[in-house]
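First to last, the sequence lines map onto chains A and B. Note that UniProt numbering gives residue 61 to position 61 of the first sequence, counting from 1, and the numbers run on in steps of one. Note that UniProt numbering gives residue 232 to position 232 of the second sequence, counting from 1, and the numbers run on in steps of one.
Quick caveat, the hints were computed from the structure, so don't treat them as lab data. These numbers were taken from a predicted model, which means no experiment stands behind them. No residue lacks a Cβ here, since even glycine has one placed at the ideal position from N, Cα and C. Any given hint might turn out to be false.
Stated by the list, open to error - Across the chosen pairs, the derived CB separations fall in these ranges:
#1 B:Asp16 <-> A:Glu139: 25 to 33 Å
#2 B:Asp49 <-> A:Trp104: 34 to 42 Å
#3 B:Lys126 <-> A:His29: 44 to 52 Å
#4 A:Glu196 <-> B:Gln51: 46 to 54 Å
#5 B:Lys75 <-> A:Lys42: 23 to 31 Å
#6 B:Glu135 <-> A:Asp107: 21 to 29 Å
#7 B:Gly132 <-> A:Pro193: 49 to 57 Å
#8 B:Gly171 <-> A:Gln120: 47 to 55 Å
#9 A:Asp179 <-> B:His64: 28 to 36 Å
#10 A:Met163 <-> B:Gly197: 42 to 50 Å
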Amino acid sequence: MEEVKLLGWWVSPFSRRVELALKLKDLAHKSQLLLEYNPVHKKVPVLVHNGKTMAESLVILEYIDETWPNNPILPRNPYDKAMARFWAQFIEEKCNGGLWKIMWCKDEEERGKLVEEASQCFITLEGELKGNKFFGGEEIGMVDIAANFIGYWLGVVQEVSGMELVTRDKFPVLCKWMDEFVEHSVVKETLPPRDELHAEFEARLGAPSWKY
Amino acid sequence: MGKKNQPLQFDDDDDDEVVLFGTWSSSRCTRVEIALKQKGIPYRYVEVDLQNKGELFLSYNPVHKAVPVLVHNGKPIAESLIILEYIDEFWSDRGPKLLPEDPYQRAQVRFWSNFHDDKMIPATFKMVLTGGKEEEVEKAVKEFDELLTVFEQGIQRDLPAAFGPHRSDDGEAMGFLEIVVGINVCNYAAIEEAIAGMIDEAKHPAFASWVNAITEKPLMKELLPRHDQLVAKIKGMLASMP
Chain A
1 MEEVKLLGWW VSPFSRRVEL ALKLKDLAHK SQLLLEYNPV HKKVPVLVHN
51 GKTMAESLVI LEYIDETWPN NPILPRNPYD KAMARFWAQF IEEKCNGGLW
101 KIMWCKDEEE RGKLVEEASQ CFITLEGELK GNKFFGGEEI GMVDIAANFI
151 GYWLGVVQEV SGMELVTRDK FPVLCKWMDE FVEHSVVKET LPPRDELHAE
201 FEARLGAPSW KY
Chain B
1 MGKKNQPLQF DDDDDDEVVL FGTWSSSRCT RVEIALKQKG IPYRYVEVDL
51 QNKGELFLSY NPVHKAVPVL VHNGKPIAES LIILEYIDEF WSDRGPKLLP
101 EDPYQRAQVR FWSNFHDDKM IPATFKMVLT GGKEEEVEKA VKEFDELLTV
151 FEQGIQRDLP AAFGPHRSDD GEAMGFLEIV VGINVCNYAA IEEAIAGMID
201 EAKHPAFASW VNAITEKPLM KELLPRHDQL VAKIKGMLAS MP
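Extracted from the complex, chain A is given alone in its bound form (with noise of 0.2 Å):
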C-alpha cells in the first residue's frame, strides 16, 4: 500500500507546486495533503513517500516524475529536458529571486534597480513562450509549475504593495500565460483564495519568514 504525504504550507508556493504535480498525475486522491505547516517551525514543502523523506520542491518535481511516469512534467528527450531545468531554474534564482529582493527592499533607488534587472529577467522569459501557450508546449510542465508565483501570487502581490512590475502593457504575453496558468482546470485547484492570500501578504509583508 502506497503512501504519498506532502507536509506544505497553504500559502506557499513551492507547496502548491508540488501538490500541483501530485494532481497533475493523478495521485491527489491517494496522497494526504497536509498544508498547515507552518515554515517558522518545519521546513516545507516536504515529501514523504513509504516513509522516505525529501525536501525542495523543485528536487520534489524530479522525483515525482521518475517515479510516476504517467502524464510527464518534464520532456523525454535529454536536450528538451535540459533546456526545461535550465528555464526552471533560471525562474527560481532570477525572476523568484529577483522579486524577492525587491518586496523587501526599502530604498527606493536600489529598488528601481532591481525593478529594471527583474524587468530584464521577463523579457527573456517571455522569449522562451514561443508562441506556446504554455512553456510546456500545449499542457503545463516543469517550467510552468515553476514560475507559479509569477502566474498568481505575483498579482497579489502587486495588489498589495502596490508595486507594478508586470503589466498588461509591459508584457503582454507574461500576461496571456498568467490567464491560462490560473484557469487551468488542474492549477486551480491549488491556488490559495485570493482574499485569503491577500490577507495573509498584508500581514506578513515585513517578515520574510514564508519564504521556502
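Starting from the structure of chain A, add chain B where the hints point.
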C-alpha cells in the same frame, strides 16, 4: 601534470561534435571534463577569456554569460549540474552512470549537490573575499564549518553509502556527488596555503577521508587545476583588494 593541454582530435566519421567552453580555474568546468572523460566522450575544450568573452561564447550563453557551457552538435547547455545530468542521460550507454538509478537516491544526490553549490561554494569564496584579514577569516572559517557539519550529517543520514568505499565495479569511476563536491578539494588546498585552512579534519573525519580518497582518483589527478597556479591566482586576488 598540467591539465587542459591539447584539444582532442575528432575522427572524420564521428557524428557527435562536443565543445566545452570553460576556464582553467573553475571547478564547475572541471566537473564537466571529468564526466566527459569518464564516459569516454571526445570533446574540444575552449578556454574563455572572462575579460573578453567574444561573440561566439556569448551567443551560446546569452542569459548568464558564464562558464561552463557544453555545445553538443551546435546546441548549447549551460549550468554545470544540468550539463552533468545531460551527459548522463544522452550518453546513458557509455560507462558507469553518474547518478544512481533509484529515484529517492537521485533526489538526495540532487538535494545535497544543490546545498553544496548554493551554500558551500559561496562560503568558500568568502574566504578569499576576507582579503586575509584575521577576524574576517575566522568568521568565514566558522561559517563554512557549520555548513560542512550540516552537509556531513545530511549525507550520513540520507546517503549513508556515499562516504563509504565506492560501490562501482570500476573502482576508479566517480559518481555525481563525488564529481560535484570532490572537485573543490583543490580550492580548499589552495586557500589553505594562500590564506588559512578551512577544514578541521579531526572534526570532520568522514568528509575528510572521503574527499582525500577522491583526490587520488586518476581523473582528478589529471584534470584538477594545478595547485601552484591556484595559489598564485588567489594571492593575486588578495593583492588587488583594498
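Assessment of proposed distance window 42 to 50 Å (beta carbons of Met163 of chain A, Gly197 of chain B):
46 Å, holds
- [ ] Could you say whether the range 21 to 29 Å given as a hint is met by the Cβ separation of Glu135 of chain B and Asp107 of chain A?
- [x] 28 Å, holds
Please check whether Gly132 of chain B and Pro193 of chain A have a Cβ separation lying inside 49 to 57 Å.
54 Å, holds
Item checked: Pairwise beta carbon distance, Asp16 of chain B to Glu139 of chain A, judged against the given window 25 to 33 Å -> 31 Å, holds
Starting from the range 44 to 52 Å, see whether the pair Lys126 of chain B and His29 of chain A falls in it by beta-carbon distance. This hint holds: roughly 48 Å between Cβ atoms.
Quick check: does the Cβ-Cβ distance between Gly171 of chain B and Gln120 of chain A fall within 47 to 55 Å? Cβ of Gly171 of chain B to Cβ of Gln120 of chain A: about 48 Å, so the range 47 to 55 Å holds.
- Using the Cβ atoms, figure out if Asp179 of chain A sits within 28 to 36 Å of His64 of chain B. 29 Å, holds
Item checked: Distance restraint hint 23 to 31 Å, applied to the beta-carbon atoms of Lys75 of chain B and Lys42 of chain A -> 42 Å, violated
- Using the C-beta atoms of Glu196 of chain A and Gln51 of chain B, is the stated range 46 to 54 Å upheld? 52 Å, holds
Given a hint of 34 to 42 Å, does the C-beta separation of Asp49 of chain B and Trp104 of chain A actually sit inside it? This hint holds: roughly 37 Å between Cβ atoms.
Figure legend: structure checked against the earlier numbered hints; the only hint not met is number 5.
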